[in-house]
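If you're matching them up, the sequences are chains A, B and C in order.
Numbering-wise (this note's numbering), the first sequence opens with residue 1 and increments by one.
Numbering-wise (this note's numbering), the second sequence opens with residue 1 and increments by one.
Numbering-wise (this note's numbering), the third sequence opens with residue 1 and increments by one.
Mixed in with the good hints, there may be bad ones.
Put simply, identical chains are the same to the list, so a pair is met inside one copy or across any two.
[Unchecked claim] Simulated pairs of lysine-lysine, DSBU-like, Cα-Cα distance not exceeding 35 Å:
1) Lys259 / Lys360
2) Lys351 / Lys61
3) Lys15 / Lys405
4) Lys368 / Lys28
5) Lys405 / Lys351
6) Lys368 / Lys405
7) Lys49 / Lys125
8) Lys28 / Lys351
9) Lys184 / Lys32
10) Lys134 / Lys15
11) Lys206 / Lys61
Because the hints were derived from the structure by calculation, they are not lab data.
Fair warning: this is a prediction, and the values are worked out from it, not measured in the lab.
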Amino acid sequence: MTDIKVLFLCGGVGKRMLPLTEDKFLFKFLGKTLLEHQLGLVYKAGLKKVIIVCHPQNEEKIRQITDSSPGISFEYVRQEKPLGIAHALDSAAHLLDSELIIVNPNDIFEMTAYNALLAGQGKNKADSCILGYKVKEYFPGGYLVTNERGELTDIVEKPGEGNEPSDMVNLLVHYHRDPKALLKEISGVQTNCDDAYEQALGAMCKNGQHIRVVPYSDGWQAIKYPWQILNRVRYYLDRAEGHISPTAQISDRAVIDGKVIIEDNARVLENAVVRGPVYIGPGTIVGNSTLIRDYSHLGANCVVGFGTEIKGSYIDAGCWFHMNYIGDSVVGEHCNFGAGTITANWLFSEKNIRVRVNHKPLDTGLNKLGAIIGNNCRTGINVSLMPGVKISPGSIIQPSTVLTKDI
Amino acid sequence: MTDIKVLFLCGGVGKRMLPLTEDKFLFKFLGKTLLEHQLGLVYKAGLKKVIIVCHPQNEEKIRQITDSSPGISFEYVRQEKPLGIAHALDSAAHLLDSELIIVNPNDIFEMTAYNALLAGQGKNKADSCILGYKVKEYFPGGYLVTNERGELTDIVEKPGEGNEPSDMVNLLVHYHRDPKALLKEISGVQTNCDDAYEQALGAMCKNGQHIRVVPYSDGWQAIKYPWQILNRVRYYLDRAEGHISPTAQISDRAVIDGKVIIEDNARVLENAVVRGPVYIGPGTIVGNSTLIRDYSHLGANCVVGFGTEIKGSYIDAGCWFHMNYIGDSVVGEHCNFGAGTITANWLFSEKNIRVRVNHKPLDTGLNKLGAIIGNNCRTGINVSLMPGVKISPGSIIQPSTVLTKDI
Amino acid sequence: MTDIKVLFLCGGVGKRMLPLTEDKFLFKFLGKTLLEHQLGLVYKAGLKKVIIVCHPQNEEKIRQITDSSPGISFEYVRQEKPLGIAHALDSAAHLLDSELIIVNPNDIFEMTAYNALLAGQGKNKADSCILGYKVKEYFPGGYLVTNERGELTDIVEKPGEGNEPSDMVNLLVHYHRDPKALLKEISGVQTNCDDAYEQALGAMCKNGQHIRVVPYSDGWQAIKYPWQILNRVRYYLDRAEGHISPTAQISDRAVIDGKVIIEDNARVLENAVVRGPVYIGPGTIVGNSTLIRDYSHLGANCVVGFGTEIKGSYIDAGCWFHMNYIGDSVVGEHCNFGAGTITANWLFSEKNIRVRVNHKPLDTGLNKLGAIIGNNCRTGINVSLMPGVKISPGSIIQPSTVLTKDI
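Work out the full structure: start from the sequences and follow the hints.
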């Protein structure tokens, strides 16, 4: 088993995560990037070799992370253009010399996913083995159709609600005993179309290869849109233990309540209330007369100034707040909010909030959602940010502005 | 005495209380409607029979309240149109079969009012007996003129300051030994004019009936205008004892100071300050870093969110606050205030605040007054409400609005 | 030595301090006017006689202060027009009957300045003796040129950076053994031009009089512009001891941290944080959920209402705050800030803030500066004050205004 290589698909690029980075695996949760969380699972599953398919812009950042992952050996390959999974595999063809597990590191799943996959491939030596996630309601993914032996016969992409051919959707944790066979099938399809890899799987089925579908129903979260970062905060906080670093300084006039993680050298000042589940990153200062609550996640070296409430929000490193209300929002690195800047986080209509993605309004399914703010933004004093508004990296919002549209 | 019937005039309708309900006796103070407070006095005075003259829209609500008043038997009658006291008595004619006390339940008075009235009628068996409230300065009511035996000879309505014929104004707690005689006099006047009842009293005098005027100088408060609700809060809080329900949860990091009433299942969180006289209704939550003070009265199931100050205000049930300042304001049920909504409560000129009533500006006599807000209103974030502004039920105020006019 | 008279130049008038008073020596620091601080030094130096040159508008205020200065005898003289030092000396000519020390009371310096001056004049009986402040970088003042015996040969006004003829600038603490001789020289120059006094000194040198320059390098602060008041707060707080008056009422739920001075009858309420260096004047109330920090100086009888933060600001007596952020600002007497009024105190560009002085923008050298506000101003609710804005005495700022220009 230790010869199996795990291939991480880190070469994709898109616009759905704007104004945040598309490299979702670089977001930090509980002090570690999503990528590190994933590598941790790999290591725990007893796997020791990882291929990372990067794109030219993120290779450096990825190497910085993987450099500090003991117990795993890495190979890197650049995918020069973001042309999908099949293209990524093609780019890595020279490294695919042993059994292979393909993983989308932007998805979160449990250790049991690897366990199920490895058990599934072992049982009767299937040629390939893929996870099928049991869904209870419609999900816009690829539905897996199987025969009576539980082997894949077809993948139906986004059939539409009511037309689902099964109750299992494709979860990209895929084992292939012979990657060369897979590459051969890929060579028969257009590698630069979106679903070339799925087409290749379909062709493998038709050519008589056995692709076992292993049912999986533990935790799984896909992430496509920026507001889904907030689900992920819940995911990790729900699974974490509360912990306060011995180097953190907590005033005895501060209140720490519920499951709270406070990292090294963080400070919580007098009259602050931190009501978990909440994560406070290293070096972050929670100031006087503040409230941090309800699945909020603050990165490193933030300063939450006097009179600020942060609720249900993901805040990246190095942000400064002062007399703000930040509710149900996602905030990039090094943002600075003027005193009196407030995020509105629900509509008078109480309807779901819509966010423009690729120029089209999209129902987020959430009736509480604040702002989505890229890195290095600054707001003036008394600014009002309307629900679901997106702010591009480096933006400056003038004082007393009511921001109703994306900028 | 237990045969005396007390008739409550609950059939009036007007517009002076807009945007609040005209049924002033339905406002709750210290957890009980004004009507219940009045019925409590009736019961303590040893009276057991009550006739309630309703209008079609409030009968149901009144019955819900009276259903839970033990020890009193009720009769109801509908006054189909709000045509004044005489018309109300006419509507109830079939029930007026014993001695009668007529009461305006919108006025507040002390138990001693009943005591004085009952003692007065008993002394030398006057035909009628009415309370005369000793005033020290001009009050726009009906002034009572009496002869040397203390019997009414005339009622002069709103004589104007300096023209007062006496120092006693008519307080509508009136005893009539023979209501039939009263009804007969009423039949001689236009029953649908505003002062038909007072005209009938005048006619009784002229016809030789003896209407004793009993001086009364204990507590009395009329209520005509919405801001007078705030006086009433003072009235009841000044007379109440402090009390914290054993089911209330008060953080040991909260401050409770002065005369404070906190009802069942209310919660006061860390770093909240409740500085009495203050009433906190059942189920209401007073959040972190808040301040409730100076004759504030919060109804049931409110949520006073982080960073809010409420001062000198009447807040009805089910209101939500968040980073607000609500000062000297009257707020109806189920209002929701966006973060940063602030009421201004004084003028730069420091003059008395004027409020439009029936389309005319009226001097409230108050140099501190915030907003008057009907039921089910919502404000956006960073809204500014100017002093004395009135907001109709169900209004939505857009974010960052400066509201200078009634809506 | 006790015959030496100290002459205080209090007759100047200008516009550089607008909207604050030009009589800088009337600003109070740590409960005493700058003038009192200066008189304290005089007294400690063993000097007993003071001449004060006033202008017609400030004589009364000055006398009120000097009336309560024990141990010093005062003579007053009016300078009818603000025509400079030479003119001031001319106005006081009839009082200049003994050795003289001329002092600009708007400058701050240490006791050691007097010590150095008195030692300097005593050593070899120089005719005059003036302080030369050792500078390390260019300062736009008068540079002192001396001969090998340390005697003045020339004064070069504002030579421009790089052209300095020495490293000593003229500090106006000047001793003259024979004021009559000085007056005679003055009579030879145009007394109403700005540098007539310096011209007279130059003439004295040429006429063979010996003007000793005494080097001085302890504390010194000139004050020309309103924002320099903030430096002065630092100066005095850095040199003061922390102290809490026994008549001050400090809640045991308040936090007092660092070097804090709290004067008589001040009150600090629950959940307030006062983080020194900070000065709280007599009778001032620091309310619930507030923060006062970082070299803030609050005068007498202020009220810092709920939810306010004051940082690095000078606040004169009788100001009221409520849910404000006042940062790096100078605020005159009796100002009143509506809830939600916020001072912005830095530019998005992070550049130095420019303030208009005499209609020209001037670089303050500060990248953190709030507002400069004259006496008796009022702001409405939700007002935004931009960095470096100046507000004239008695101004009213309407609610929700964004003030970007001086008014």
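Against the structure, the hints come out as follows:
1. Taking the closest pair of Cα atoms, lysine 259 and lysine 360 never come within 35 Å of each other, the shortest separation being 38 Å inside a single copy and 57 Å across copies.
2. For the homomeric pair lysine 351 and lysine 61, the shortest alpha-carbon distance between copies (32 Å) is at most 35 Å, but the shortest distance inside one copy (39 Å) is not.
3. Taking identical chains as interchangeable, the C-alpha atoms of lysine 15 and lysine 405 lie at most 35 Å apart only when both belong to the same chain, with a minimum of 18 Å there against 41 Å between chains.
4. For the homomeric pair lysine 368 and lysine 28, the shortest alpha-carbon distances inside one copy (23 Å) and between copies (32 Å) are both at most 35 Å.
5. When the C-alpha separation of lysine 405 and lysine 351 is checked against a cutoff of 35 Å, the pair qualifies both within a copy, at 18 Å, and between copies, at 29 Å.
6. In the homo-oligomer, the alpha carbons of lysine 368 and lysine 405 lie at most 35 Å apart both inside one protomer (17 Å) and across protomers (31 Å), since each shortest distance falls under that limit.
7. Taking the shortest alpha-carbon separations for lysine 49 and lysine 125, only the intra-copy value of 21 Å comes in at or below 35 Å, while the best inter-copy value is 91 Å.
8. In the homo-oligomer, the alpha carbons of lysine 28 and lysine 351 lie at most 35 Å apart both inside one protomer (30 Å) and across protomers (32 Å), since each shortest distance falls under that limit.
9. Taking the shortest alpha-carbon separations for lysine 184 and lysine 32, neither the intra-copy value of 37 Å nor the inter-copy value of 81 Å comes in at or below 35 Å.
10. In the homo-oligomer, the alpha carbons of lysine 134 and lysine 15 lie at most 35 Å apart inside one protomer (28 Å), although the nearest pairing across protomers, at 61 Å, exceeds that limit.
11. Within a single copy, lysine 206 and lysine 61 get their C-alpha atoms no closer than 40 Å, and across copies no closer than 73 Å, so neither meets the 35 Å cut-off.
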